[in-house]
Structure formats: structure tokens, C-alpha cells
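We have chain F; now place chains L, B and R onto it with these hints.
4 protein chains.
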Amino acid sequence: MTTEIKTVEDVRNIAREKLKGICGVYKDCDGDPRRLCQGQSYGRALGIGGTGSGASFNNNYLALRKYKLKMELIQKDIVPNTFYDFFGRKLTMPIMAASVAGVNSFGGDRVITEQQFCHAVVQGCRDAGTLGWRGDTYTYSLENSYGIDAIAEVGGHGVKIVKPRNQDTIISFFKKAEEIGCVAVGVDIDGCGSYAMATHKKPVFKKSLEEIKELISSTNLPVIIKGIMTVEDAGKAIEAGAAAIVVSNHGGRVLDHTLGTADVLPHIAEKSKGKIRIIVDGGIRTGYDVLKMLALGAESVLIGRDIIRAAVGAGVKGVRIHMEYMQKTLQKAMKITSCRSINEVSPKILY
Amino acid sequence: MTTEIKTVEDVRNIAREKLKGICGVYKDCDGDPRRLCQGQSYGRALGIGGTGSGASFNNNYLALRKYKLKMELIQKDIVPNTFYDFFGRKLTMPIMAASVAGVNSFGGDRVITEQQFCHAVVQGCRDAGTLGWRGDTYTYSLENSYGIDAIAEVGGHGVKIVKPRNQDTIISFFKKAEEIGCVAVGVDIDGCGSYAMATHKKPVFKKSLEEIKELISSTNLPVIIKGIMTVEDAGKAIEAGAAAIVVSNHGGRVLDHTLGTADVLPHIAEKSKGKIRIIVDGGIRTGYDVLKMLALGAESVLIGRDIIRAAVGAGVKGVRIHMEYMQKTLQKAMKITSCRSINEVSPKILY
Amino acid sequence: MTTEIKTVEDVRNIAREKLKGICGVYKDCDGDPRRLCQGQSYGRALGIGGTGSGASFNNNYLALRKYKLKMELIQKDIVPNTFYDFFGRKLTMPIMAASVAGVNSFGGDRVITEQQFCHAVVQGCRDAGTLGWRGDTYTYSLENSYGIDAIAEVGGHGVKIVKPRNQDTIISFFKKAEEIGCVAVGVDIDGCGSYAMATHKKPVFKKSLEEIKELISSTNLPVIIKGIMTVEDAGKAIEAGAAAIVVSNHGGRVLDHTLGTADVLPHIAEKSKGKIRIIVDGGIRTGYDVLKMLALGAESVLIGRDIIRAAVGAGVKGVRIHMEYMQKTLQKAMKITSCRSINEVSPKILY
Amino acid sequence: MTTEIKTVEDVRNIAREKLKGICGVYKDCDGDPRRLCQGQSYGRALGIGGTGSGASFNNNYLALRKYKLKMELIQKDIVPNTFYDFFGRKLTMPIMAASVAGVNSFGGDRVITEQQFCHAVVQGCRDAGTLGWRGDTYTYSLENSYGIDAIAEVGGHGVKIVKPRNQDTIISFFKKAEEIGCVAVGVDIDGCGSYAMATHKKPVFKKSLEEIKELISSTNLPVIIKGIMTVEDAGKAIEAGAAAIVVSNHGGRVLDHTLGTADVLPHIAEKSKGKIRIIVDGGIRTGYDVLKMLALGAESVLIGRDIIRAAVGAGVKGVRIHMEYMQKTLQKAMKITSCRSINEVSPKILY
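Listed in order, the protein sequences are those of chains F, L, B and R. Start counting the first sequence at 1; every next residue gets the next number (this note's numbering). Start counting the second sequence at 1; every next residue gets the next number (this note's numbering). Start counting the third sequence at 1; every next residue gets the next number (this note's numbering). Start counting the fourth sequence at 1; every next residue gets the next number (this note's numbering).
Bound conformation, chain F alone (with noise of 0.2 Å):
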């Protein structure tokens, strides 16, 4: 039978089956507290919610929604190419699966173990041509590490995101990312809010500016700061040397009411383009979400729990067709908005 799974779709209609009253599986999710998935629930904390009210989930999607594309067809025929160099790794889209961690808060391992999910998301993405992120959550630590694991499986065709804890144990994850080759490391600098952290007595902190600079000499590899808002905090990850950042207010599970990453990211583009690599994530469902961020100034983007409801409905093979969607869709938006590379994707496109 899994011999027939063949669309997004096909994935998607598993997945709903083995997430039932936990996620609806939309292909358009929202995070709106209205849709099916939480009236059911009452607006109990669902395990790929937002915090509070989910309002930061909300505008992720909403910001994003603003933007409108520009149709632009008496042109000569093109096709395509999505091709992304993300340092120096030659991937088929700028396209790559979020550092999600911890799905046993949702349906615990009657859906999917932890290690199964990193194992489909790394793998799934290498298959697609892409590259898998893998996070961190209290049930890791430097002898269960399930993300630098799978990483390790495909040869290191990865990036380890750690949660900023304490400057050492966060140094020894870095160590061991790079023993296995991974393609750069990062810190989610916004998971220091986490309760769950907390409450396993692995505490998390914000990190100063010269922390920072600590964990970005401590390695060798480009070191990614995750979970950027504002142009202060970009001009900071610039000074201490980051190879990169993510604009990302961690899929609205830290802080309720912020803006959208859509809304952030402009402004971000603005002062720092050029300067670091700028990645982005937040209510991206398609090729065509995609699109405007790059056209917002973004290089790159990555995807959350669109990646989860894959690896739940069909495991390496889920990951892969939904990468592969992603890249179809984001081809056709190029064409139709008549971009032939990445890098004249340009604001121009976008109302």
C-alpha cells in the first residue's frame, strides 16, 4: 500500500488519519485558533501550536499573506532554476527542514519516535536534493543525540541546532557536529524561553553578545544564529561573527503577539543584506510563500511543521515528496513571475 504514496496529498490524508484530534493537517494551516483542528481540541496547547493565544503563529501566516505576486507572462520562455549553494553544499532548492525537535509532545511514539523523525527528516531531505536541520529539546543530551545522529547517517549532510544552554554543553555539541562532518552549527537563541528546558534542569539563557563570540570561535564550522526579530539583533549576530541568521520567532511558541517573520524580515534585509547569509521561516506553505520571501530579501528558507506532518504520514518518503512539491511549486512561481534563477528573485515581483 505505501507503494501508492505518490502526492503531498496522499501523505498528507496519513498523516491527518495518525494525528487526529491532535492536528487537522490543512495544507494551508494558519494556526488560526478557529480551524477544526482546535475547536476540537477547545484550545487545549495542541503539540505544533503556538504559545498563549497562538497569535504569533497567526501572523507568521498572515504577514506572509500580505504580499501579493506579479503576474508577468509576454516573455520568452524560461525554465527555471532553482539551484542553491549553501556553504559550498550544491542543493536543488533554497529550500531546507527546520530544526524542529521533542514530537513526542504530540501522540508521543504511537506516531513517531524521536529518532525516526530525524532519521526521515535528514534523509528525506538529502533524497529531495536538499539538506535536513536537526534541533534540540530536554530529551536530547550529548549521549542521545538523535539530530547529530541522523546527521552522522548521511554523512554529516546537515546543520545541528542547539539550544542555548550552557555555554559548554552547548560547545560540546558543536564538537561533535563537527566530528561528523555537519555542514555548519547554530543556537536557537529564542528557545530561552522554554519551559520544558527549565523544568528538566537543563536551563536555557539569552545570550550576550560576547557569548556569542565564544560560540562562534569555539568551532571551526559557520555558526547559524537562530530566532532573530529586529535589525539590532541581526547587527549584533553580524558584529560576533555569525556565518549566518535565521529571522524566526521559533513557529510563535516562545513569545505570544509578535510579528510575522514576513513583516520582521524586510526591515532585516535592509541593513544586513550583503553583510550575512539570511534565512528565513514562518507560515511557509508552498513554493509561492517561498518566492516572496526570497523576493523580501531572504537567501533561503526553512520549513517546520509542514516537515513534521511529512515525516509522521510517510517517514523519508514523506519528507522527500513534500520537498519535491516545494520545489515544483517554487519553479512554477518563478516561471510565471519571470525569475529564471534565485538571484533575480527581486522585489520587483511583489505588489
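Derived by calculation from the structure, the hints in this document are not laboratory data. The structure presented is a predicted model; accordingly, all values stated were derived computationally and were not measured. Treat the hints with care, since some could be wrong.
As the list claims (entries may be wrong) - Computed list of lysine-lysine pairs in BS3-like fashion (alpha-carbon distance at most 25 Å, straight line):
(1) Lys66(B) <-> Lys273(B)
(2) Lys328(B) <-> Lys176(R)
(3) Lys76(F) <-> Lys175(L)
The following block gives chains L, B and R in isolation, referenced to the frame of chain F:
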């Protein structure tokens, strides 16, 4: 029993039954993903939904709703005339059926065959005193040309739109249309992003100014360019010598997150009116909506999804009843806004 | 059991039962097509819905909601007086029942007959110290004049509105109203777009300034022109010598996509206040809404759909209870916004 | 089984069961009439809904949602202190329980008695290190003073708010509160529009500046004026010598269509901050919302409906758990926005 079908509502009731689980057949369909139809299907690709999130479809609807109509009542009584001259044909209204094709994608032959559909549209339109356009999709070929065949049955009283295939194929279609006496031909250049065509080895292309000129010079028929969403593309269509443009985003089926057609129409009309015939589609549900489009600068409009539903509901008769409803509501709207003929419709009737 | 009917809610509960599948009898009905009532009927033409998409009905509601009321509390206590003088009649409130007719269109005699309805409205209003207006539709004639008959029963304590039929018929109706001692008569000129009238061989017309003058000079009663949505039409009504205008879009039942009455009222009031009595209807659900309309420049308001529901729910008693509720909420709103009488209501109480 | 109640969600689940058909116990309740709770009841007056259309309730929610919070992460780590000094009492947070009364109106003693409710609020707040306010309604008298009795049980650790009854009655209540050692007393002047009080022969009044002065001079306790929605009323409260104001529209229960409290708070704060303590309620659901209110100029906030639901769900324990949740989310919000203490909260953290 079919003798009892008299109103648009009767037709819709039957269509709703036949399209259960595919389409809710709302009288005021807005493409919003939260409607019942989408709730039922958990957002799977609907036969007649929009691409991606469905935002472009929804934007057509929303754009049109922004405009308000002005009641002007203390006036001498009038009986508005909705007469429209379309390339010499005397139509009862400036409202024609759009060139939708591929009805097999929602329910297959169980609901309606492509042949039945084409027949219903062309004949139903003629019976209502107007004219049906017919389209193209991967199941169509010069040998199986459902649309042209249907138009031939009514002595050429129709328009044939071809997908942006290779030049030779388009020209062959144009020739065939010329032979059976079509009123006009055209290309829906926005179809260049179609997966279905590519998948079925009938690739589609963007078309350059030169290619469009070549198509126009290949036939004696008026050539219509459908899929114009910018002032620039409209300008090129004029330069190429096209007889008409259709301001259209393909019902939101080719690129997610475009503006609505009623958003771009006034800008295009401002630059192009008088230089080329301007037709528009997208989100038009009633004669009230038609009146707005005329006030925004179009000379006539096309009806897509509602005509599918009418044909599914009651074939030729369903299409006729729907078109008569459109004419009647347009006439009423003209009466209350004090427009005696479609030439008298101006932006003054809008807020 | 009927002796237990005491509150607006009691009345609505009965009406809801009787109108099952036709109307949801919401306390705050907004005409939005996504409400339960429309969900049930898949958007078919509701007995008391708006025309087309229902946008004009919804716009009435939305326009009124844009305005906010100012609480002003540190003040000497007051007991607001809602007294209203309407052409010499002393009413307990500036709130009257609108001239809706044709209740057979939602449920037929099973629910309520036209006769019962007219009786309930006129008598219920009188019992609450106010006054009912009665209308006209294709089932009405000089012989079967339900509205005038009902008004006659209460000694003429009512207003008779006639559809814009031919001049002679209107004048005959006016004469009959004069004979039974009606307070005022009028024409709802927005009724000129009615299909039902035309279909039943009782054609309706737009009325010129001269025709309106003729109607006014045909009777000694004050003449009200209902259906004014522009400053221009208001100016003509004044010029013609009308005694009052009703700012109204006919509850959104004649032209789709008009502005809401609360959108146009302040503009009309600015030019016409002091020159003619200004009455308004559209989207008014509570005394809070009434207060807004007064603040926007109306001297009184009409209640349409809620009165239908009240009459269906509990006849004369239902209408009385509803009107008393309206008066009570108006009085409360006046207290909190510091208005001692309706003459003290000014735009200052609005944000 | 009750030993298993640990989280806000556990408490809500029980409350939802007990309040079936009355309240949906949404985590992010917005008062919108389309929510399940209202759908079930077809818009009948909910025990804890807003007056009229419910717009004022909804406006509180919407006003607060307009503001966005700024993440500021590249910073030295902090452990925010939510300590608050309220008239000399050391509270763990600037969050207190509002003076809601009359819980019998939703479900009666079957759900919770007034006595149990008052006990739960005051005791639960104290257990969480904060303080409960108690109110007044028609079932309260000097003999049956549920609120004061509950406050007496915890040694006066509470605030007693009296409805704007006649001066003598208020002064008697104030005296009784003084005797049991209440922290402060007050009047909710917005209660002057209450039907219930009037109906039960306990009339309520607007209060003039002089009357408020008289009340203040009648007691040694700090006097709080609750129900301020304008700069003018705030000015009068200062002039009268009040110790604090509560910016409040009574949870949208006295006047429909007011602005939200977060709409007016910054204007009031601009004029009055430093001259009087400014407290606010309305639409606050989490510590994220609290932080916004502090940033907009309040020094502390009151929680109404959510405390009712917490008390219904698990009594004293439910209230404690809810308040701890509020404190925890406030602290998290302060961490991510870089506020070490509530005095450091400023408008800079808002967009």
C-alpha cells in the same frame, strides 16, 4: 421532473447533489478555504479550487467586494438595455461563458463528460442570446477537439482558446477554428504554468511579443490574449495587434497570491481603454458584479465556475437559466444605478 | 404556556422553532452568508436575506459597528427620556416598525399570514407606545390592503408605504390611507427593482422629481420618501416637498453591494438636517444601535427583520416585548453616554 | 482524582464540563458571537457574555491584539522579577482577580455558590501570592456580604468594590470593609446601567464629582474608581482624590460598542500617569497580555472571566493554578522582551 427546473437555485440544488464532497455550490462562492467544501476535504486540491492556498481565487472575490454601488432613484423611469456587440455578433448581454476545460478533474465522467460539458456551455449560451468560449487541456488534441466540435454544432457561434502550446499546434487549432467559422480565437498565456499539460507531454510555454505577433498573423480571426494582469502585458498585447485582452489570473489556478482582477482592471483600463477590447473574469457571481466590472473599465465579462456548476446541474438548460439570471440581475443593477445601456456605465456609479 | 413569554429571548426561541431552516433568529443577525442559517440552506435565497451575495445587508450591519460609544460616568445621575414626537403623535421612543411586507415568502401561512402579521406589528407597536409602518407587495391591492386594514383597526395609528407603482394606484392608496386617518404615507422608491411586482403584473417604476411632487400634492398627509442613499436624492426629496426621508437600502434586498446606511447617513444629515425629517433603517438590533443612528443625524429609526421575528414568535405580544426591549436598551445607552433626551444626542458620544 | 489537577488545562477541562451549554471555556476567549458557546445558545444572554451584540467584550480582546511584542534576545541573561507593591502589600505579580459577582447567573448553585466562589477567589489569589477583589450585585447586602466575608477569612487581604448604590449604603459597605481590614475599597461606577440591581429594588446611580469626594472622605481606606474609559473621567477621579482608577468597560457588560480598554489606556496613561495608580482589565488572557497592558501604561491588571472559570473548575486550587500560570507567562514574556522588573516595562517593547 427536469421540466420543473426553472431557477438558478433549482439548477444549483441538482449540481450540489452531484458534486457532493467536491464542491458546495454556494451561490456566492469565494474560494475561502474555510468553507464547507474545503472543510470536508481537509483542503485537498479541489476540482474547481485555486492553486496553493487558494488566495488568488479568494482575492478575485475580495477585490470585487471592495467596490460599492450607488443607488440613484429619483429619476425618470428607464428600462435598461444590456445589448452587447461582440465582433459583430449581437449578444443580449456583455456576459459570456469562460473557456474552462478539463471537467473530468472533478468527479470524472460520472458527473459530466467533456463532450457533454462543451455542448451544454455553447448551446446554453446561444439559447440565452450570448456566446460560449471553449478552452483546452491535456485531453484535447486536433483530433479530439471537444470545444471546436461543440462550437461547430452552433455554426461557429463561439470562441476557441488554446493553451500556450508550441506555435505550430496553436496555429493548427486556429486554422480549424477558422474553418468552422468561430467568432474569434485566443491563447490563455497564463496557462504556461500548467503541470497537467507538461505531465501529459503537451508542454506549454511563455510567449514572447514576437511569438504572439506570429500567432496573430496566422489567422484572419480576431485573436484574444487571456491572462493579462499588468499594464505592461496589456501594452504588449496592443503592440502585437491583439483584438482583445482578458484580464484574468486564470481563476487563481496558476499562481497563488496574485492580486484580484478587479484590483488591476482599473489600472489596465486607464492605459488601454479605446486601444483594445478589455474583457475580464474572476469572482463574478451576479449581474451586480458584472456592473462593477463594466464600471471599472471592462467592456464584457466571462463566467467560469458558475457555468460549470450550471452545466453539471442541468446541461444546456442549466447554462441558459444561469445566463438569463445574470442578464436579469445586470439589468436590475443598471436600473437602480441609472444606466440605460452598457455604454452609460461609468466609474461614477461606484464609491 | 404563552403566558410565560416575557423576554425578547423567549420570543426568539419560539420564532427560531417556527423558522427552522429559514432563519437562525440570531440576536445580532448580520446577514453574513457563513452564519448557520445560510449554511443550512447552502445560500439559497432566504425569506429575509439580502439580494445577491447579501453584501448590502451585511454592510448595514458592518457600517454601524464601525462607530464606538463613549462612556461618560462621573456625572450627576439622570433618568433619560426617550420621548419622540412623530408628526404630532407622542411616542415613547424614536423607534418604529419598518414597512416590511410579503411574509408569505418565508414559510407561507404555516408560519404567519400577512393579515396576522400586519395586525401584530401595528397593535404591538401601539401597545409599546410607538407606531408601526405597513408596506406593500404584489399580494396587496386596494381591495386586499392588509396594511391599511391593520392601521384602521388602531384608529389610523400607523404609516402606509406604497411601492412605486403607477401614479394613479399610489394616489388611490394614499386616499384610502387618508380616509382611515393614517399618520403619514410614503413611497419606498428603492422598491423599483422588484422582480416580484413585475412578475405579478404590478409593475414598479423609478420616480422623477415631478412624479414625486404630484404624489405629494395629491394628499394632505405628510409624505415620506424611503430609499434615499445619496445627498443628491435627499436634496430632491426636499425640493419635492416631502415631509421625511428614510435613509435605507431596503435592507439590502434591492441592490447588492451598496454602502451601509450608517455610512451615508452622516453625509446626508450634514446637508439636509433641519430641512427634512431624517429617519433611517438597516442593521439596527438594539437601543445601542439606535443611539448611534441618532448621533449620526437621524431623528428616528425603523426596525425590520427583528420585528418580523418578533411577530412570528409571539404576535402582538412579541412585537410589544421587542419594542420595549429596544426602548430599555436605548435608555440605558443614553444614561451611560449622558444624554437626557433624544435631542441631546450628538456626534460627541461617538468615537 | 482532584490530586491530579495540575495545569490550567486540567482546570479548564473540568470547568468546560460543568459549564456545558453556557461557556466553551476557550483558552483565548474573545467574546465573538460566532464561537461555539454562542452558536449553541443562538446568541441568548450568556452568563458571562457581553451586553447586546457582545461587541464591547470583543473590542477588549481585539484592542489588545493590535499591539505586538518585540523579541530582544542577544542580551545578558536575566531572571525577571514580577514583584508588585499594592498599597503596601507585597504581591508576587501585578495581576489580581477582578470583582466579578453574581455567578448564580450562569448555572446557579449547581455550578458554584456565590459563597464558594468568593472563597475560592480570595483564597486562591492569596495562595498564589496575589490578591482577590470582590464585587457586589443584587443578592448582596450588608447582612449577606459574601465578598467581605471571604476577605475577612484571609485577614482582610482583598479589595471590596461596591456598586454605585445610594451614598449611605456604599458608605456602610466601606465601613464594614474597614472593620475587617480590607486593603482598599472602591465603586464600579460603570455598574450604574445594571438592570438587575434596579429590578431587585437596589437602584444604582451615576455619581457626580461631589458624591465621589464624599465617598472618599468617608473612609480611611484607599478608594478605587472602576469604570474609567475617558481622559475626562480619569481627571475627575484624580480631582476627587481617588487612590486608583480601573480602566474598564465592565467586561463589555454595561454598554455595547465601546472601545476596548487597550484602545483608551495609553491616552489615559499619558495624562494621568504619576498622578494616580492606573489599573486595567478587559480581554487579558495570559502574561503576554499583561505585559502589553503594563507597556501601555497600567501598573497592574485584573482578571475576570478566566478567574470565574478557574474557580468553577477547581475552586481555591483552580484560582491558584490560574494565577501561577499568569505569573509564569508574564515572567517569560519579560525575559524575551528584556524587562528585569515591572518598572522596566515601557512602550519600547511594543510595535
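Taking the hints in turn, this is what the structure says about them:
no. : hint                    : result
1   : Lys66(B) <-> Lys273(B)  : holds (22 Å)
2   : Lys328(B) <-> Lys176(R) : violated (34 Å)
3   : Lys76(F) <-> Lys175(L)  : holds (24 Å)
In this structure, only the earlier hint numbered 2 is contradicted, and the remaining ones agree with it.
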